[in-house]
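Undergrad: For reference, the chains in residue letters:
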Amino acid sequence: MTPARPRAAERSTTKTERSQDFTGKLLRGTDWFEHYYSGERVAVLATGAEASSILPEILHTAAAVTLFEESPTWVTPIGIPTGVLQRLGAKAYLRLAVRDPWIRRQLTPHESYDSPRVQVSPSYYAALQDPRTRLVHWPAYAIVEKGVRAADGVEYQVDTIVIGATSRFAGSPPQPRRNPAS
Amino acid sequence: MSYDFEAMLQTIKDKQWCLADIDWDAPGAETMSEETRAKMAPFMADLVWIEHIGARGFAALAKKAPTATIREIYHYFHAEEQKHANAELALMRRWGMLENGEIPEPNINVKLAIKVFDSYGDDLPLISLAALIPLLEVALDGALVKFLTDEVSDPLCHEVFRHINSDEARHISVDFEVLELLGAGGSIQRLVQTLAILDPRVLVGLIVVFVPLINKVRDDVVAMGLDERKLMNAMRRFEKIGARGQNTQKLFIYHLLRLMAGMITDRKHPYHRFLADPMVRITSYVPARILGKPQSWVDGLSPEAVAS
Chain A
0 MTPARPRAAE
10 RSTTKTERSQ
20 DFTGKLLRGT
30 DWFEHYYSGE
40 RVAVLATGAE
50 ASSILPEILH
60 TAAAVTLFEE
70 SPTWVTPIGI
80 PTGVLQRLGA
90 KAYLRLAVRD
100 PWIRRQLTPH
110 ESYDSPRVQV
120 SPSYYAALQD
130 PRTRLVHWPA
140 YAIVEKGVRA
150 ADGVEYQVDT
160 IVIGATSRFA
170 GSPPQPRRNP
180 AS
Chain B
0 MSYDFEAMLQ
10 TIKDKQWCLA
20 DIDWDAPGAE
30 TMSEETRAKM
40 APFMADLVWI
50 EHIGARGFAA
60 LAKKAPTATI
70 REIYHYFHAE
80 EQKHANAELA
90 LMRRWGMLEN
100 GEIPEPNINV
110 KLAIKVFDSY
120 GDDLPLISLA
130 ALIPLLEVAL
140 DGALVKFLTD
150 EVSDPLCHEV
160 FRHINSDEAR
170 HISVDFEVLE
180 LLGAGGSIQR
190 LVQTLAILDP
200 RVLVGLIVVF
210 VPLINKVRDD
220 VVAMGLDERK
230 LMNAMRRFEK
240 IGARGQNTQK
250 LFIYHLLRLM
260 AGMITDRKHP
270 YHRFLADPMV
280 RITSYVPARI
290 LGKPQSWVDG
300 LSPEAVAS
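Chains as they are written, first to last, in numbering that gives the first Met the number 0: chain A, 0 to 181; chain B, 0 to 307.
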């Protein structure tokens, strides 16, 4: 399980770094927790498990958040003891909390390929449906000067990019290639 | 030797492109004559929607993918089809085909396809979509897009379709490799796959949605001047690539669609008189109202290269 808030000892002390191309702020690991987002447009590249704790927190102050959710996760509003109940509770919560069937589909983890773990987050689904949040389920493929490019061909321009610690980009953020598609 | 899906996934990641890579205001838009514009506008609208439906098809395939790698490939393909639809919309805007910047309204056959996907797209057996999508793609790639690039001299249009065709070539090659993989199972597995096609949802999807959708586009494009031989060549490609796969040959649905492709191209075949034409007519009477509100993926199209 990813803790909802990183413990103080685990918090990274590195300051905001700058990607060689991106002109805004690039936050990695747990740096997202120490940054103030007032009025900023933020992109979050993270797995659903991490996003469930990052998104509600950032949305308190950010002007807009674009979430590139890499893999969905089951969520319950309160802790439910392990077992069948947990999964049933998560399914029922998703059904009740998210009205749009397509978004619900995007948020449903795959039976065999996604993690079966259940996260506890009372505010994730509400944050996802906030008008300031945009859920992008296309894979992100490059960080460029002004933001993130995704496989749907759109450049999502933002002021700050947060890369989650378990994101597939945690090791190296996606870089644009020299020669775009031939 | 089995196909390396991992390597293909890497190639797909490496070959990503973005609408912002293209200068949508580059000179050349003036080469579009008033006459071509009027002729092409409904065709482009159909093309955009067929790409968008194709995207939804890949989303359904991703749910059923046999391996995690293939699932990720389908995720990319889903996004890429959406990208193609967006790029075609951007071309429409460049040529002044979008009235007040509005996304064109889908025709009734597209709306029926949307309805079918919304209702049970994710429950359809993998094999049915896995076989249907390559047929759609060779038809799109080989006939419709070729027709468009022959008719339109705007250099930007050719640039955009170079990108799109390069993506589509990968889609088609993966589509057939997945068929090959599905055909590799034992005879019992193939029997189950064959029975799955008898699923009423597949039959409804094929007869009520696919047949009239394809026939309408086919007739519209031929009426606009597409050489029927080109359509025939495109469909022959489906047969040719399929014939290369030993295991694909064992799939009943492949042969079914291969025969169907032949019937679609041959306008004199009784298929048109007894099935396709009546279905086009009947579906044209379906009031869109009764289909209800489509799911929100339908609103995902945009000609904008940048979202902020």
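Note that these hints are calculated values from the structure, not bench results. Errors might be hidden in some of the hints.
[Unchecked claim] When the alpha-carbon atoms are kept at most 25 Å apart in a straight line, the in silico DMTMM-like pairs for lysine to aspartate or glutamate are as follows: (1) K63(B) with D99(A); (2) K292(B) with D99(A); (3) K62(B) with D99(A); (4) K110(B) with D20(A); (5) K145(A) with D24(B); (6) K12(B) with D20(A); (7) K145(A) with D122(B); (8) K145(A) with D198(B); (9) K14(B) with D20(A).
Undergrad: Given the hinted pair K63(B) and D99(A), is their Cα-Cα distance within 25 Å?
TA: With a Cα-Cα distance of about 22 Å, the restraint between K63(B) and D99(A) holds, given a limit of 25 Å.
Undergrad: Tell me if the straight-line CA distance from K12(B) to D20(A) falls inside 25 Å.
TA: holds (19 Å)
Undergrad: Can you confirm whether the C-alpha distance between K145(A) and D198(B) stays at or below 25 Å?
TA: Not OK: K145(A) and D198(B) at ~49 Å, beyond 25 Å, violated.
Undergrad: Check the hint pairing K292(B) with D99(A) against an upper bound of 25 Å on the C-alpha distance.
TA: The hint holds at about 11 Å.
Undergrad: Tell me if the straight-line CA distance from K145(A) to D24(B) falls inside 25 Å.
TA: Holds, at about 20 Å.
Undergrad: Holds or violated: K62(B) with D99(A), Cα cutoff 25 Å?
TA: holds (18 Å)
Undergrad: Going straight from one Cα to the other, do K145(A) and D122(B) come out at no more than 25 Å?
TA: Roughly 40 Å between the alpha carbons, so the hint for K145(A) and D122(B) is violated.
Undergrad: Between K14(B) and D20(A), does the CA-CA distance stay at or below 25 Å?
TA: Cα-Cα ~19 Å, so holds.
Undergrad: Can you confirm whether the C-alpha distance between K110(B) and D20(A) stays at or below 25 Å?
TA: The hint is violated at about 42 Å.
Violation of the numbered hints given earlier is confined to hints 4, 7 and 8; the remaining hints are satisfied by the structure.
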